[in-house]
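Taken in order, these protein sequences are the chains called A and B.
When the letters of the first sequence are read in order and numbered with the working numbering, they come out as residues 1 to 229.
When the letters of the second sequence are read in order and numbered with the working numbering, they come out as residues 1 to 119.
Don't take every hint at face value.
[Unchecked claim] Just the calculated beta-carbon pair ranges, DEER-fashion:
1. A:His88 to B:Gly12: 32 to 38 Å
2. A:Gly50 to B:Ser5: 35 to 41 Å
3. B:Gly12 to A:Glu201: 42 to 48 Å
4. B:Lys58 to A:Trp32: 27 to 33 Å
5. B:Ile86 to A:Ile84: 36 to 42 Å
6. A:Asp62 to B:Thr54: 22 to 28 Å
7. B:Lys58 to A:Pro223: 19 to 25 Å
8. B:Ser111 to A:Glu200: 31 to 37 Å
9. A:Lys87 to B:Ile43: 28 to 34 Å
[Unchecked claim] Facing chain A, according to a computed beta carbon distance under 7 Å, are these residues of chain B, among others:
10. Gly9
11. Gly12
12. Leu13
13. Leu16
14. Leu17
15. Glu47
16. Glu50
17. Met60
18. Ala71
19. Ser88
20. Gly92
21. Ala95
22. Ser111
In case anyone wonders, no lab produced these hints; they're calculated from the structure.
Cβ atoms here follow ideal geometry from the backbone N, Cα and C, with glycine treated the same way.
This is what each chain is made of:
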Amino acid sequence: MTADRFADPMFGTVLTVGAYVLAVLIRRRLIWLHPLLSAPLIVYGVLQLGEIPIADYREGGDMVSFFLGPATVAMAIPLYKHAIRLKHMLPSLLAGALVGSAVGIVINGLSVLLLGGTESLLRSALPKSVTTAVAVDLSGWLGGSPELTAALTVLTGLVGSVAGPPLLRLCRVDGVIASSIAIGAAAHGIGSAKLLSESEEQGGLSGFSMAACAVFTPVLLLPVHAWLL
Amino acid sequence: MRGLSIIIGFDGLGWLLHRFAGVPLPSHVLGLLLLTAALFLQIVKLEWVEESATFLTKHMMLFFVPLLAGAAAFVPVVGSSWLAAIVSLTAGTLAILLVTGLATKRLVQRSKGSASDDS
């Protein structure tokens, strides 16, 4: 098979959207299989089976991931809406999210440094608790690898959304407000999506926390950025 | 189209600030900050952008698929530091959950004083 017949933006775009739709359909049967795990595996499988170079896939794949930028900017809307609605306790919620962002950077950084992770892992792991689009953006900015950060971030979201609710209950953080803010700060969009499937209020609070952390984390990383460069 | 144009416009504005004005924050984050400010200052009305924003955030997972498909190539990079990667994934995430949850619980209780809707 001549591989270069796939070197067309149409191929990567259709493959990406097709894999995503398939992954969402699989999810209906296998509730534990997150689409962000299965969809990339489907794409990877097709590329391997067809012996198609990743560069050919990128022509269309890059067009799809372009929308990560606008999607990040679009988070301004839930941030604004929830800020208006939660006005009466906004300072507490913002302070909670700020604490979460700071702890995230410190623990993510320390665990890599103490366990002898490479510098590339450090630069890629620092932003992994923030929503994926921002994490990827921050990773490039810190000199990490955006692909590695994307993978770490998705795994972080899965760990946080699975372990979050039972851990918080165990430690008696049982109020809707505090637990939703915690899950938004630790497990970003994946955790928020899970809460949203349970209740609109929890999803909204968690989404607010995620968006607030998306703003705090880059600012907190400014000194780290200066130090790493 | 108006909503999408405004959002892409703010993304572009963030890019200009980062690239040409040297603002030391990632360009999309700058776009996010600028659009949030514009909403609060009522320069941009919520109803102009709400529908497009909901569409973009709802399908955000799709936009990550190409990046993650490329992530397989990075397995060797993690190779030597797999322990660090796993610990920061689990312990790091659990620590954020706990500290944020406990801090928020305290802060909300204190700011409220009298009991209301903290179920």
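Here is what the structure says about each hint:
no. : hint                             : result
1   : A:His88 to B:Gly12: 32 to 38 Å   : holds, 36 Å
2   : A:Gly50 to B:Ser5: 35 to 41 Å    : holds, 37 Å
3   : B:Gly12 to A:Glu201: 42 to 48 Å  : violated, 35 Å
4   : B:Lys58 to A:Trp32: 27 to 33 Å   : violated, 22 Å
5   : B:Ile86 to A:Ile84: 36 to 42 Å   : holds, 40 Å
6   : A:Asp62 to B:Thr54: 22 to 28 Å   : holds, 24 Å
7   : B:Lys58 to A:Pro223: 19 to 25 Å  : violated, 35 Å
8   : B:Ser111 to A:Glu200: 31 to 37 Å : violated, 23 Å
9   : A:Lys87 to B:Ile43: 28 to 34 Å   : violated, 20 Å
10  : Gly9                             : violated, 9 Å
11  : Gly12                            : violated, 9 Å
12  : Leu13                            : violated, 9 Å
13  : Leu16                            : violated, 13 Å
14  : Leu17                            : violated, 13 Å
15  : Glu47                            : violated, 11 Å
16  : Glu50                            : holds, 6 Å
17  : Met60                            : holds, 5 Å
18  : Ala71                            : holds, 4 Å
19  : Ser88                            : holds, 4 Å
20  : Gly92                            : holds, 4 Å
21  : Ala95                            : holds, 5 Å
22  : Ser111                           : holds, 5 Å
The structure fails hints 3, 4, 7, 8, 9, 10, 11, 12, 13, 14 and 15 (numbered hints given earlier, in ascending order).
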